[in-house]
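Q: Spelled out from the first residue to the last, the chains are:
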Amino acid sequence: MDALQRTPLYDLHLELGAKMVPFAGYEMPVQYPLGVMKEHLHTRAEAGLFDVSHMGQVILRGESLEAIAKAFEGLVPVDVLGLDTGRQRYGFFTNDTGGIEDDLMFANRGDHLFVVVNAACKAADIARMKAALEPGITVETITDRALVALQGPQAEAALSRLAPEIAEMRFMDVATVEILGVDCWVSRSGYTGEDGFEISVPDGSAEALCRALLEMEEVEAIGLGARDSLRLEAGLCLYGNDIDAGTSPVEAALTWAIQKVRRTGGARAGGFPGAEAILGQMAEGVARKRVGLLPEGRAPMRGGTEIYASDEGGAPIGTVTSGGFGPSVNGPVAMGYVSAEYASKDSELFGEVRGKRMPVKVVRLPFVPAGFKR
Amino acid sequence: MKFTEEHEWLRVEDDVVVVGITEHASEQLGDVVFIELPEEGTEVSKDDEVCVIESVKAASDILAPLDGEIVEVNAALVEDPGKVNEDPLGDAWFFKMKPADASQMDDYMDEAAYKDFVG
Numbered sequence: 016m017d018a019l020q021r022t023p024l025y026d027l028h029l030e031l032g033a034k035m036v037p038f039a040g041y042e043m044p045v046q047y048p049l050g051v052m053k054e055h056l057h058t059r060a061e062a063g064l065f066d067v068s069h070m071g072q073v074i075l076r077g078e079s080l081e082a083i084a085k086a087f088e089g090l091v092p093v094d095v096l097g098l099d100t101g102r103q104r105y106g107f108f109t110n111d112t113g114g115i116e117d118d119l120m121f122a123n124r125g126d127h128l129f130v131v132v133n134a135a136c137k138a139a140d141i142a143r144m145k146a147a148l149e150p151g152i153t154v155e156t157i158t159d160r161a162l163v164a165l166q167g168p169q170a171e172a173a174l175s176r177l178a179p180e181i182a183e184m185r186f187m188d189v190a191t192v193e194i195l196g197v198d199c200w201v202s203r204s205g206y207t208g209e210d211g212f213e214i215s216v217p218d219g220s221a222e223a224l225c226r227a228l229l230e231m232e233e234v235e236a237i238g239l240g241a242r243d244s245l246r247l248e249a250g251l252c253l254y255g256n257d258i259d260a261g262t263s264p265v266e267a268a269l270t271w272a273i274q275k276v277r278r279t280g281g282a283r284a285g286g287f288p289g290a291e292a293i294l295g296q297m298a299e300g301v302a303r304k305r306v307g308l309l310p311e312g313r314a315p316m317r318g319g320t321e322i323y324a325s326d327e328g329g330a331p332i333g334t335v336t337s338g339g340f341g342p343s344v345n346g347p348v349a350m351g352y353v354s355a356e357y358a359s360k361d362s363e364l365f366g367e368v369r370g371k372r373m374p375v376k377v378v379r380l381p382f383v384p385a386g387f388k389r
Numbered sequence: 003m004k005f006t007e008e009h010e011w012l013r014v015e016d017d018v019v020v021v022g023i024t025e026h027a028s029e030q031l032g033d034v035v036f037i038e039l040p041e042e043g044t045e046v047s048k049d050d051e052v053c054v055i056e057s058v059k060a061a062s063d064i065l066a067p068l069d070g071e072i073v074e075v076n077a078a079l080v081e082d083p084g085k086v087n088e089d090p091l092g093d094a095w096f097f098k099m100k101p102a103d104a105s106q107m108d109d110y111m112d113e114a115a116y117k118d119f120v121g
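Here the protein sequences line up with chains A and B, keeping their order.
So the number in the numbering used here is just where the residue sits in the first sequence, counting from 1, plus 15.
So the number in the numbering used here is just where the residue sits in the second sequence, counting from 1, plus 2.
In short, the hints are calculated from the structure, not lab data.
Keep in mind that a hint or two might mislead.
To be verified - Here's a subset of chain A near chain B, in silico, CB distances under 7 Å, partners left out:
#1 V51
#2 V276
#3 R313
#4 F340
What the hints assert, rightly or not - DSSO-like mimics (lysine-lysine), calculated; alpha carbons at most 27 Å apart, straight line:
#5 B:K59 with A:K376
#6 B:K48 with A:K34
#7 B:K117 with B:K4
#8 B:K85 with B:K4
#9 B:K85 with A:K53
#10 A:K371 with B:K48
#11 A:K53 with B:K59
#12 A:K34 with B:K59
#13 A:K85 with A:K275
#14 B:K100 with B:K85
#15 B:K85 with A:K371
#16 A:K371 with B:K98
#17 B:K85 with A:K34
#18 B:K59 with A:K371
Virtual Cβ for every residue (Gly too), placed ideally from N, Cα, C.
Please model the entire structure based on the sequences and the hints provided.
A: So, in structure tokens, the structure goes:
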């Protein structure tokens with residue numbers, strides 16, 4: 016196995032007492048001395064600081080933004096051309112069978128697109144973009160910038176002490192903002208269901224930025240453990256668990272991210288990998304759907320738990336893909352795939368935990384209301 | 003007090019043995035969020051899985067450290083699993099058992115040996 020990589024914040028994590036674990040090829044903090052539960056609750060109540068420098072940051076350049084956007088639309092079933100300057104959008108790379116190769120965020124930065132992809136997929140994503148887009152479009156991997164997320168209802172108050180103009184940003188706005196004397200690429204977004212910001216900062220300035228934020232009373236360092244429970248409560252997919260090359264955006268209930276213009280009848284319908292499969296599924300329906308699953312007891316239903324239609328007998332009709340304890344819900348929460356006939360809200364199903372069938376209800380996601388500032 | 007390699011502690015109280023998990027175990031588990039206890043009166047054999055502990059991270063089992071009968075369980079833990087993190091050696095005992103053969107206790111570590119064991 017290759018040696019694990021470290022982010023520019025590695026030393027700070029150790030100094031803060033983080034427990035480090037291997038994650039997607041990096042040594043990352045899974046929790047700090049506060050612990051997963053308190054870190055989670057702190058983020059929902061105040062503000063949490065996350066190191067997400069392991070994620071891939073990529074810049075796409077071309078002769079015009081229009082040319083870049085058109086080319087990028089060949090890889091994602093999303094409206095790229097229609098995204099205004101200074102705005103960000105969620106999307107995913109699809110494959111020829113309509114599966115999801117990775118999910119991502121992309122931003123219109125005026126003269127280029129800025130793309131953020133998952134750590135575990137970034138090598139493949141970059142190769143995919145280079146193969147499909149070059150030479151007309153250049154694919155530049157950013158390797159000299161850290162990425163940190165500041166999330167929670169007090170994120171704006173905290174960050175605006177360093178850069179007052181961020182208070183003017185709306186959900187999914189992006190801007191270059193000078194923070195502590197360096198140009199940072201800031202987006203008002205995140206992956207916790209809370210208001211917050213993601214900040215791309217030059218490697219050499221990342222630690223100073225984090226220290227300045229951590230000195231503030233409302234900010235605590237938060238590890239991957241709480242990041243996972245936060246995104247699960249927010250109903251957000253974790254690539255590799257809830258979505259993968261074998262799940263389509265239609266099955267994954269992500270069709271909200273496929274704008275009308277890319278759908279059948281739209282001005283730029285199709286033209287992305289797997290278009291036939293995905294648009295066909297949108298017209299005809301799918302056999303299974305991703306749903307929220309709320310266990311009725313106290314026992315968590317973890318990833319891999321099989322879901323049944325009745326309390327005994329029968330074959331499984333679904334599987335949990337992410338599940339655990341939701342600190343803000345103060346109980347177990349899960350999501351997973353079930354046969355379409357059982358996917359409607361309030362379906363009463365059963366998850367088999369340690370050989371026992373426990374009641375679980377299909378619920379609408381998210382488990383906690385989003386705190387975005389729209 | 004005696005300690006097992008599974009990070010349980012055993013404390014003799016008259017003719018019963020009180021069983022819980024060590025501070026080291028509770029730290030390793032992280033925040034405990036769910037506990038399933040055996041029924042009182044259950045006859046168990048050494049190494050039977052008798053309790054389930056789920057933390058924010060994962061599920062694990064508590065094994066019966068001895069042959070015998072579960073005579074009492076700490077039902078308060080089911081209501082407040084976080085006690086296991088707050089007071090693992092005191093309030094957060096899991097169950098009391100009447101050992102079939104108290105000499106099985108001799109196989110387990112004393113406190114000094116356990117400290118060495120966890121390093």
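Q: Against this structure, judge whether each hint is valid.
A: Cross-check of the supplied hints:
no. : hint              : result
1   : V51               : holds (4 Å)
2   : V276              : violated (42 Å)
3   : R313              : holds (5 Å)
4   : F340              : holds (4 Å)
5   : B:K59 with A:K376 : holds (23 Å)
6   : B:K48 with A:K34  : violated (33 Å)
7   : B:K117 with B:K4  : holds (11 Å)
8   : B:K85 with B:K4   : holds (21 Å)
9   : B:K85 with A:K53  : holds (15 Å)
10  : A:K371 with B:K48 : holds (23 Å)
11  : A:K53 with B:K59  : holds (14 Å)
12  : A:K34 with B:K59  : holds (13 Å)
13  : A:K85 with A:K275 : holds (16 Å)
14  : B:K100 with B:K85 : holds (24 Å)
15  : B:K85 with A:K371 : holds (26 Å)
16  : A:K371 with B:K98 : holds (25 Å)
17  : B:K85 with A:K34  : holds (22 Å)
18  : B:K59 with A:K371 : holds (21 Å)
Figure legend: structure checked against the earlier numbered hints; hints not met, in rising order: 2, 6.
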